Structure formats: C-alpha cells, structure tokens
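Chemist: Sequence:
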Amino acid sequence: MTTWESGRSSTAEHVSYLTRFARAYDDEIQSWIRGAKIGQLGGPNAWDGYMSVAVVEAGLKSLHSGEKEAATYATKPAFYN
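For the sequence shown, the working numbering gives the first residue as 1, with consecutive numbering after it.
Everything labelled a hint here was simulated from the structure, so no lab data went into it. Computed from a predicted model, the values in this text were never measured in an experiment. Just so you know, even glycine gets a beta-carbon here, dropped at the ideal spot from N, CA and C. One should not assume that every hint holds.
Label-pair restraints from in silico Cβ distances [unchecked claim]:
{"#": "1", "residue 1": "P44", "residue 2": "T75", "range": "17 to 25 Å"}
{"#": "2", "residue 1": "S6", "residue 2": "Q40", "range": "26 to 34 Å"}
{"#": "3", "residue 1": "A70", "residue 2": "T19", "range": "25 to 33 Å"}
{"#": "4", "residue 1": "S6", "residue 2": "G59", "range": "43 to 51 Å"}
{"#": "5", "residue 1": "W32", "residue 2": "G7", "range": "43 to 51 Å"}
{"#": "6", "residue 1": "Y17", "residue 2": "N45", "range": "20 to 28 Å"}
{"#": "7", "residue 1": "G7", "residue 2": "N45", "range": "47 to 55 Å"}
{"#": "8", "residue 1": "A71", "residue 2": "T3", "range": "38 to 46 Å"}
{"#": "9", "residue 1": "M51", "residue 2": "R20", "range": "18 to 26 Å"}
Could you put together the complete structure from these sequences and hints?
Modeler: Below is the structure:
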C-alpha cells in the first residue's frame with residue numbers, strides 16, 4: 001500500500017512471505033480446485049520438487065567449488081509422464 005504524508009510517498013514492505021505471496025498461494029489452490037472438479041490436475045508435482053532440489057544442490061556445489069557442476073538425479077519414473 002502506498003501512502004502520502006507530509007509531502008512524501010511511501011510504500012510498506014511485506015514483513016512475511018505469507019503476505020508477499022498470499023495472492024500466488026490463493027491462485028495455486030484455486031487452480032488445483034478447478035482442476036480437481038474436472039479431473040485434470042496440473043501444476044508442479046513431487047518430481048518437479050525433486051528436480052529443483054537437484055539443481056539447487058548443483059548450484060551450491062558450484063558456488064563452493066568455483067567450477068561448473070552438473071545436477072545429478074535419478075531417472076524420472078513413468079507415472080510422472
């Protein structure tokens with residue numbers, strides 16, 4: 001929210017990720033509910049989470065080694081296709 005006082009404009013910062021991303025969380029839940037109603041769930045799944053962790057781990061390894069590091073991960077199970 002932007003306020004104007006004593007000739008100055010100011011905007012409050014979010015003090016929590018809960019307020020910063022509240023709209024995104026709500027949109028995600030609403031999308032899931034709409035998909036559940038019609039039997040078509042989309043969006044990220046556990047495999048996506050697993051892959052994001054693999055990439056972050058490679059990034060951290062690279063940060064410490066100063067070298068290019070490959071992400072290592074298992075073969076994607078067929079039920080995620």
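Chemist: Work down the list of hints and note, for each, if the structure agrees.
Modeler: Status of the hints after comparison with the structure:
1. P44 with T75: 17 to 25 Å: holds, 19 Å
2. S6 with Q40: 26 to 34 Å: violated, 53 Å
3. A70 with T19: 25 to 33 Å: Violated, at about 37 Å.
4. S6 with G59: 43 to 51 Å: Given range 43 to 51 Å: holds, Cβ gap about 45 Å.
5. W32 with G7: 43 to 51 Å: holds, 46 Å
6. Y17 with N45: 20 to 28 Å: Holds, since Y17 and N45 (Cβ atoms, about 22 Å apart) stay within the stated range.
7. G7 with N45: 47 to 55 Å: holds, 51 Å
8. A71 with T3: 38 to 46 Å: holds, 45 Å
9. M51 with R20: 18 to 26 Å: holds, 24 Å
Of the numbered hints stated above, those contradicted by the structure are hints 2, 3, listed in ascending order.
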